[in-house]
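Trainee: Using the hints, put the two standalone chains together into the complex.
In the order they appear, the protein sequences are chains E and X. Residue numbering for the first sequence follows the working numbering, starting at 2 and increasing by one per position. Residue numbering for the second sequence follows the working numbering, starting at 8 and increasing by one per position.
These are calculated hints, taken from the structure and not from any lab test. Since the model is a prediction, treat every value here as computed from it, not as a measurement. Please note that the accuracy of each hint is not assured.
Quick look at which bits of chain E chain X covers, simulated, 3 or more residues with Cβ under 8 angstroms [claimed, not checked]: (1) 226-236; (2) 244-256.
20 angstroms max Cα-Cα, derived SDA-like pairs, lysine to any residue [as the list claims (entries may be wrong)]: (3) X/189 to E/459; (4) E/324 to X/189; (5) X/189 to E/463; (6) X/189 to E/350; (7) X/189 to E/343; (8) E/456 to X/189; (9) X/189 to E/460.
Per the computed footprint, the stretches of chain X lying under chain E, defined by three or more beta-carbons under 8 angstroms from a beta-carbon of chain E, are [to be verified]: (10) 211-219; (11) 300-312; (12) 367-381.
All C-beta atoms in this analysis are idealised placements derived from N, C-alpha and C, irrespective of residue type, glycine included.
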Amino acid sequence: MSEEVGQTSAERPRPTAVGRRGKLFTLALALGSIAALAFVLEIGARIRARLAGTPWDSAAARRELTIALASFDAGVPDDSTREAAGQPPETAGDARETSADAREAEGNERATGGLVDAHQALHPYLGFDDLRMHERLRAAIEASRSPDGFDVLVEGGSVAADFVGAGSERLIELLRAAPGFPGGASGPVRVWCEARAEFKQPQQANALACALAAGLEPELVITIDGFDDVAIALSNVAAGTHPLYPSAARWNVLAGNPTGDVRTLDRSIELRRRRARVAAFAERALARHVELSALAGSLALGKLRELRAEADAARAELDAAFKAFREGAAERGPQFTGSTDDALRCAIEAWSEGAISMWSLCRARGIPYLHVLQPTLHDEGAKPPSEDELALGASAALGPDEARDAGGARDARGALGAEDPRGAGDVRGPRVALGAEDALRVDAARRGYPALRAKATELAGRGLPFCDASRVFADVRETLYRDASRFDDAGHRLLAETIARRALEELAARAR
Amino acid sequence: MSSDPVSRRPKRRLVRVAALALGLAAALVLAEVATRIALARSGKPFDSTAAAELVGTLHSSLVDAAPRVRRIDEAAAQDVHSQGQRLHPYYGYDFQGYLNNLPTELAYHRSPEAEKSYDVVILGGSVAMSFLPDGVEALTAALRADPELATRPIMVLGHGRAAHKAPQQTLVLQYLLCAGAKPDAVIALDGFNEVAVGFQNERQGVAGSYPCGNIWLNLAGAVASDPPSLAAAMELRTRQLAVIDAAEDYARWDLSRFAVTSWLGLRRIERLRSSASADALVLERLVANSQAFTALSGPPDSGTDEQRIARLVRAWREDGLALHALCSARGIDFLDVLQPTALRTGTKTLTAREQKGNVANESWQTGVALGYPLLESAGAELAAAGVPFLDATRVFADVEETLYFDTCHFNARGYAVIATEMGRALVAARARARRAGK
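Next up, chain X with everything else stripped away, as it sits in the complex (with noise of 0.2 angstroms):
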């Protein structure tokens, strides 16, 4: 034992610098610890990868036109899935990727290449958005079925656009028919947004027939011309952009790696994306109050919650009629198809997972709970007067794994299931075409 206490002191420190570093290593392993048994015990057992799917689906939701799930690090949205959405004089509003892919689509249509192919164009909101690429494959391989599709190649067009409703389909099918798009097929893969973006846009005060208030009155000018609300728009989206930051910076620092450090950081975008939807509501009500609000919020309806559904149930049923005719009047074999939602209660067992994302507001729920029995009934009619016609709402039933991340956006798996199901139906319906005589 040295007897010199000045050569003692380094050794000292060091014994002290090493005691605090196992000391806040001990604490950072036992806080992780403690928050993998918290998380547990709430019924929430921590999981990596669904967290950084989680956060990577969130920022999905801000940045691509219709919400993915995928890591923030995968590839980066298609095109026509980029974000900015412009005005369109034909259906309301339309993103910039698609109106950049139109000539080259409608130059597709003319060429040798589109008269061998099948090619299939497939209509309505968010769903039908992501539909490719996620069920492109499915659906070819069930078309392949129809013997004259077997050998034939098979294109599919994707024309869903997010928040899309009746009778945004139809118009976007005449625009594209008059611009020359000569499709083979077309699927309308719908219902949800009628009934939940359409009653969101009654209570809200704009015409359930009118396309989604929030993107419409935006897009229109109700906000610009607005200055209050333009404010309101700015702090809107620099704190969507916070989110945004927030989301990117637990990618960039791999905090799913750690059940605290990804607790935190869902905390910090958590409390963000809450502030975010605050300033929505405050600018949800500011643009109410507009001077432009009356001239662009369409003709006002009127009566009960009841009343306004089943308005929004018929516009979905003229919808599904008008589609088939104006497919019928061309020799285009047509499906339509009442897409399923996690709303719906009984049509799925839902996994804890899916129970935790199946969050929306009241119109939503309200819109839904009242709006699905009167379309499958309105369905059932399409059907019986001959429109080709697929209830999908209970097409998850037999599933047990996780399908949803949100009220009615599924993940590829799921996409695999219904466009399946999907194509089963369309040869079906041109078998019965052709035993018509068609």
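For reference, chain E alone in the conformation it holds in the complex (with noise of 0.2 angstroms):
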């Protein structure tokens, strides 16, 4: 190739000392130049810095690197963790709810036999459960499949749960001897609790479907319910959750998970990935020096705090994310915008459809079902209060003559429809000042259950199997309410009377 220039290597000029030097010379001055230029900008920045009150401070910028380092190497921040691992932060909200389980685990303990709150967890279909109800329920699963035996499953809220532990005794002697009773005078009559407290429609009916699923064959199904259906549903309309939805006391705590949704995990990837950008310049920045020179210190303090305010927005965009799911729809179920009376009539027909789902779901196994309209304290009529009854609030369920009578006033609260019950909480009572959350149990009762009443004629016109207990302690004057609506044993067995009444009818006419 050079030969085809026609010079050979040989004939080209060497560069002479002249050449070198004259190349070194420009090297040189081009190095000199730059140093010059930089000696030049770095004296007029620390200039420039002096004139605008701030002196270069190396020992200020290597601080301010080193801080940035070690704040933004690790993850996410150690609040948004808190967040993610489902811990939010503490409320007034989160105290009342401790102190309304609190309370609860007592009644709970008893209406489970034994089981508290503390095993309460998240379950996928019923909202949440207690973990040991599954043991419970597979013992019943091999019972009610063994040939001899007649097993009784019962459904409902804390009222259920409690009867089958102070109740299902005086059922079984009624069961028995009633003649013709598919179980026998003798046989072994099994009562088995698939109640929770708190539970409402469709928690009932998906209990009774999961149950059946997982191989359950009992010989009679009895759901007895109403009071939490109709009182939950308003008190989750308080708490802003939809009337449908589960307990928000309970399922709000439970269920809030962030991290669980992947925009807010990915929004914290972004917010990771941007920290570990500050992160590594600040590491590169301090591995130079740069705090030396005002102006390469203050280039990348400049190029510092650009990365800190993208990592800062990133943030702002995880804070948005995890404000979003929680006002989102996962924990509270769709947005509720109607008025108290929506959200009974809501709960209502919720309560309708469920009885009808857990009645088909017996009928399509050849079980006979019995729907029981559970008593409550406050519901107008349901029974004379006595004076320990009337320390509970009853006097607000009164009428304004039986109120005068009982010796106190109260405003007249009228049927669905009939007024707004937000302002409940003034409702008067001779011996007690109602707190909100009793007000709003007291407007259920009143309001809910000449509703659900109702509803229930519709259904058994249907052929729903129906028993309304709801008047079943109207003669009773002794005490026999802990609280607006559970009851002592002296109470259950009363109920049971009029359940086994009903359920032997049903039995009688499932055998013509």
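Mentor: Right, dumping it as structure tokens:
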């Protein structure tokens, strides 16, 4: 190739000493100029900083870089991690919920035969559950498949759970005593509890569907419910949760896990990435000792602040995502903008549809079914309140005349559609001042129960085996109630008599 | 010939550049031809459209709730398909799109239009989820054969959710009914997840009756409450995002145009996907050892593989009975459809493309191999018990073209075939009910 251009390497002019010196001089000049320029810029930067009132402080610059490295080297910030781990910051609401749980625990212990809230966990189909119920269902399935015995399954909320403990003995006694009882006069009769405190439709229906799908083969299914269906609907609405959703006090606490949502997870990853960039930049800058130069240090700090701003923006996006998650439909259900009348209508519709579902699930398997509307203290005319029950706020449920007779006065409240009950906290009784939660329960019973009874009549007209036990204590003057809906063993024995009568009718009808 | 060597230099440079460019072009052509030959010889001839669809479907599997055959540049997934999964108190989990859409749908059920219209709710897993829009036209056309539906407006409402399985279909319907939905017909298109996902749950130590363990445990907090699991989940998601980016790069640069660029792009995507799959296994192991696992994994199951499968099939049969009972009590037409799967041998002659996509982990393979014969028998039992039932496992038996793009999902043509059969079966069920004087 070299030959082609007509010049051999030997003929090429060799660089002379003068030429080499010239090149070196040019190089030195260039380097010198750069150094001089850097020096001038450095001096300029320092003068500018001084004039701006913030003379260059290399120690401060190093400190800023060190802090950035230290604080951005971790992953997601501490407080986000706390949220990510499903531990929202403590709020007044949390404290109230905890206290409500503590109150409930005592009742649950009795209701579920020693099961308390410490074993509560999320359940995919029931919202929440006590983990020890798994073993109980397994035992029920095994027993129900044995050739001998008559298995009764009880569904519902806390009153139904209480009934299994306090009323089932009387129920069994009455069933066995009845001529023609399919379980026989001396055969084993087992009453199984699939009821849980604060269950409301469709939880009862779901619990039944799951139990039957898992292999339970009962000879009779009894659902005892009504009060939680209307009361929790109202307390849910007050808590900003859809009335159809499970009890907000339990579900909202268990279900708050923002990192389960891919969008919050993506934002967490983006934040982590941007924080890592800040840390990496700070580390490089520290390693190069940029703080020694006002110019390089200023540029590095400028870039660092830019990266930090990006990380802050990512943090703000993550916070917004967490906020959106908390306000989203997952925990609170679809947005509910209706009045409390609408909430009660929604609850009663769900109660009715849940009852139809349970009845149809049983009918498809040839299992006799009975749906019982439980009594409640604040349902007008349900029971003449004793002194002790008045102390529970029963007077709030009385009509104006009854309340006057009992020695107090209250605001009259009508049936469903009469008045928005959100102001029910002002309901007054002679003995106690009702809290907002109690007032909601009173209102739910007063306005919800007439509507529940009307709906039950409609269901019975369609053939659904129904037992209205809401007046079962109508003639009892002694104290039965322990709170707005739960009553003592004597009450359960009375309830068992009503249920047994109606269940035997149903069993006889099936036998025919 | 110029004798001035200096004036000849630029020309020579030009020649060199041209030669270099030509050489490069020739090398590219050679590489393209060689790649095509190599692919053809390996039995997988280059198909630009198929490659773009493959990448699009892979992208869809990470972006959409239910995977669909589509190119990345096609319309984004429908709102209800948005992949944001959220806990649901009554059926484990739902998708943000459905949650957003529910108030509108319930308002529709209360409207005069709903009174006039024949509203069909489709329940099931991801195959049911993707029934809309691909299967709607064929289903509607088939339903027109019923004299009562010949002119009546027909509305198909999708309520399939990816990875849903018994008893979730019953619980979704139960919730919808409690919320005020008033459908005229319900079709459950299911079976595959019951034995595949259900058995995968069993292998992971999650109750077979519980929702898909990978989804449920994450949403319920087993991952978030365990720092190593949370770190692994973030790592996995980072890799998934890298796969999404690589797939979008593939589409952006139109790499499917040439065999060589497509091959390189697919190799990159595949490499990233393998890393993501490995991370998924790591996460699965970590979650299984987390403290929350015991509380969230449901009652432990035991027994042989056959006993476990028998329980899963029983749950599916019970779900069919329950759905039928819920519908019968309200005068709603019902049809239970056992869905087809490419993993069930002898149900379709698989094309080369279908064979390539018919890849499943051990638990899915075992679940289908042991479970499908039992599902088919259980379906016959349901039919004998009076539940309108369609065994659609062999619905593609006579179709030679490619329908499946993985083990259980199929393209629009597949939906047209199965939807037609579903429509005919529902019409027949309605006719039987009329004859029985329902």
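Trainee: Would you mind marking each hint as holding or not holding in the structure?
Mentor: These are the hints, each one checked on the structure:
1. Here's how the stretch 226-236 of chain E fares: 0 of its residues keep a CB closer than 8 angstroms to some CB of chain X, so the rule of at least three is not met and the hint is violated.
2. Evaluation of the coverage hint for the stretch 244-256 of chain E: fulfilled, as 5 residues show C-beta separations to chain X shorter than 8 angstroms, against a requirement of three.
3. The straight-line distance between the Cα atoms of residue 189 of chain X and residue 459 of chain E is roughly 18 angstroms, inside the 20 angstroms bound, and the hint therefore holds.
4. For the hint pairing residue 324 of chain E with residue 189 of chain X, the CA-to-CA distance comes to about 34 angstroms; that exceeds 20 angstroms, so the pair is violated.
5. A distance of roughly 17 angstroms separates the Cα atoms of residue 189 of chain X and residue 463 of chain E; the hinted pair therefore holds under the 20 angstroms criterion.
6. For the hint pairing residue 189 of chain X with residue 350 of chain E, the CA-to-CA distance comes to about 12 angstroms; that is within 20 angstroms, so the pair holds.
7. With a C-alpha separation of about 18 angstroms, the suggested pair residue 189 of chain X and residue 343 of chain E falls inside the 20 angstroms cut-off, and the hint holds.
8. Between the alpha carbons of residue 456 of chain E and residue 189 of chain X the distance comes to roughly 18 angstroms, so the proposed pair stays at or under 20 angstroms and holds.
9. For the proposed pair residue 189 of chain X and residue 460 of chain E, the alpha carbon gap of about 17 angstroms is at most 20 angstroms, so the pair holds.
10. Counting residues of the stretch 211-219 of chain X whose CB lies closer than 8 angstroms to any CB of chain E gives 3, which reaches the minimum of 3, so the coverage claim holds.
11. Beta-carbon proximity to chain E at under 8 angstroms applies to 4 residues in the stretch 300-312 of chain X; the threshold of 3 is reached and the given coverage holds.
12. Only residues whose beta carbon comes within less than 8 angstroms of a beta carbon in chain E count, and the stretch 367-381 of chain X has 0; fewer than three means the coverage is violated.
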